[in-house]
Amino acid sequence: MSMMNSVKRAGFRAMYGYLDKDPDANIPRLMDWVDRFAGDGPNSFPDQRSAFRKVIENPDNNWYRLLRSMWTDIDGEVRKTFFENFMLNGNLIGWAVQEEARERYGCNIPWAILLDPTSACNLHCTGCWAAEYGNKLNLSFDEIDSIITQGKKLGVYIYIYTGGEPMVRKDDLIALCNKHNDCEFLCFTNATLIDEDFADQMLRVKNFVPAISVEGFEEATDGRRGDGVFQKVRRAMEILKERKLPFGTSCCYTSANLDSISSEEFVDKLVEWGAKFSWYFHYMPVGNDAAPELMPSPEQREAMYDRIRAYRKSKPLFLIDFQNDGEYVGGCIAGGRRYLHINANGDVDPCVFVHYSDCNIRSMPLLDCLRSPMFMAYHDGQPFNENHLKPCPMLENPEKLREMVAKTGAKSTDLQSPETVEHLCGKCDGYAQAWDETAERLWSHGHSCSDCARRCAEQRAAG
Amino acid sequence: MEVPKSTKNEIMAALGKLLRTKRLDDITVTELVERCNISRQAFYYHFSDLYGVVDYGIQRYLEELQACTPEQWHEALERTLTLLRENRTLALNVYRAYERSYVEHDLRQWVTPLVEARVRMAAQKCGVTEDQTSFMIELLAQALASIVLSWVERGMPSSVVERLDDFDILVEGCLEYTMERLAQKNRKEPSSAGI
Chain A
0 MSMMNSVKRA GFRAMYGYLD KDPDANIPRL MDWVDRFAGD GPNSFPDQRS AFRKVIENPD
60 NNWYRLLRSM WTDIDGEVRK TFFENFMLNG NLIGWAVQEE ARERYGCNIP WAILLDPTSA
120 CNLHCTGCWA AEYGNKLNLS FDEIDSIITQ GKKLGVYIYI YTGGEPMVRK DDLIALCNKH
180 NDCEFLCFTN ATLIDEDFAD QMLRVKNFVP AISVEGFEEA TDGRRGDGVF QKVRRAMEIL
240 KERKLPFGTS CCYTSANLDS ISSEEFVDKL VEWGAKFSWY FHYMPVGNDA APELMPSPEQ
300 REAMYDRIRA YRKSKPLFLI DFQNDGEYVG GCIAGGRRYL HINANGDVDP CVFVHYSDCN
360 IRSMPLLDCL RSPMFMAYHD GQPFNENHLK PCPMLENPEK LREMVAKTGA KSTDLQSPET
420 VEHLCGKCDG YAQAWDETAE RLWSHGHSCS DCARRCAEQR AAG
Chain B
0 MEVPKSTKNE IMAALGKLLR TKRLDDITVT ELVERCNISR QAFYYHFSDL YGVVDYGIQR
60 YLEELQACTP EQWHEALERT LTLLRENRTL ALNVYRAYER SYVEHDLRQW VTPLVEARVR
120 MAAQKCGVTE DQTSFMIELL AQALASIVLS WVERGMPSSV VERLDDFDIL VEGCLEYTME
180 RLAQKNRKEP SSAGI
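For the record, the sequence lines run as chains A and B. Here the first sequence stands for residues 0 to 462, numbered as in numbering that gives the first Met the number 0. Here the second sequence stands for residues 0 to 194, numbered as in numbering that gives the first Met the number 0.
Since the hints were derived computationally from the structure, they do not count as laboratory data. Be a bit skeptical, because a hint or two may be false.
[To be verified] Computed list of lysine to any residue pairs in SDA-like fashion (alpha-carbon distance at most 25 Å, straight line):
1) A:K152 x B:Q183
2) A:K205 x B:Q71
3) A:K268 x A:S313
4) A:K152 x B:R39
These numbers come from a predicted model, not from an experiment.
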């Protein structure tokens, strides 16, 4: 470990120990200390510090309530591991290593890696490829272990499982958490395989956080996922809450469910059930069998934009709406810029939704995959639009994906039914055109001056 | 893949055997799992690494030790050191894979309960503060850890039992006396006693 990292680690642990001793008294005091050290120079982040101070000096503030709940609702050892693995390794230490690698290799280096341990799933949800595909493909324990080992050398400490249903491989997931106990693991899951025993194992390894998929309330969830699934999901949440284990939810919004899944009633329920974060995903018309009519209309997407921003000011829940939140991360984060996706066949996709690739982890080291023509096309093309409300090279800028696939010769990695880029992008052309006007209006209002942005938000709120 | 409960102990026993022939840092997980006839993931389901197996073995032994009474502390320690001496190669093959500061820290923690029981017994009889009791525990744990560590470093010669006897005489002779002196001091300066 370098000297600098030892200093960071020691400083971080001292700070955490201080917070942990008496969070109510010490969270505000910590900011006094930060202010003293930050000074008032141009790089001292005065706005951010003042925003953070506002949060921590008001016990009723939703962000303060969320932060404080880490001490009331989460097991002490799990919380410590999260701060250490996610905040310290994943960001403070990992970021510096990633930056160095970006500089040295001239390519994207991710912050997180998404991977599918298996194509298998225990449910048979409407419209999901995994239902038809079955237990045909798996990344072996040794392959996933190798991906993580290679990733850590590049500064990647955050691994996110998707699939298939990752929990079909629950013993392997626990073994990987145990082996890589300096990493934080997140897992998109239908939650039906989370039982008491698995939760006890989570408590033992301390670095596994589920993101539970829900379609809304009982009727919507069971309608898509099967009878009784919602009750199983609720039971899983109770098991996790009983053991003070952190979890969040993952919600896909469509033209059909958008109103209910983004309703205040639903978001309040998520908080009540014990979720600490909720990630919202715009429906993507990916695959030969996709249903483009499920893509939200511009009016619906704008409503989503407003609602999530309003909840972020009022609910003790960490909400992200990936398609509308490009402004916080500089647009598209795929192609290894902040993340990439490895499917159960080992294909390294630029994005969990963009299944065109020219590299496979079974035949190439991770670093070479990041330097492959397709990943370099992402690197060179990002951001795909200056307006971060149009971040995606597929959904809002379909011509960009057509171009990249044509230029690099990347092949469809769809496991069940390979789709041509023309077929996929053809479904997005109309959407992109329709969204353009709203995106431009929101972007120009949100990014001209703060007064204007506030007025516009008030007007929108007033209808 | 359902791992039976005894897998952990099988792994520990297999590592024990390997440690009779080579140092801990020369052993690989692959080599160990081949001996146990299990997969790598079965190993990692239970342990983060080989050091985790050593910790597990030590913890199990310490749990047994903690069952002994304060009066038996000397005997417990002697039994531990005899056991280490009987398994000298194994113990040294483990010891040499660690940094000294790490072993010292752990050793201090392991001997603390032994010393603590003894000190608390003496503290009960007189009016000393918790701070003073902790100080005595820390001091004696440090001394005992140092004796054991330098004994290990010298290759575990048999004379340690004699050393322990001397240490025991030292503790027996001065613990009650020191506690009584501290209590006297507290009676004279009640404000600084901080009870």
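Against the structure, the hints:
Restraint check: the Cα-Cα separation between A:K152 and B:Q183 comes to about 60 Å, which exceeds 25 Å; the hinted pair is violated. This hinted pair does not check out: A:K205 and B:Q71 have alpha carbons roughly 37 Å apart, beyond 25 Å. A hinted pair counts as satisfied when its Cα atoms are at most 25 Å apart, and A:K268 with A:S313 qualifies at roughly 14 Å. Of the supplied pair hints, the one linking A:K152 and B:R39 holds, its CA atoms being roughly 21 Å apart against a limit of 25 Å.
Checked against the numbered hints above, the structure violates hints 1, 2; every other hint is satisfied.
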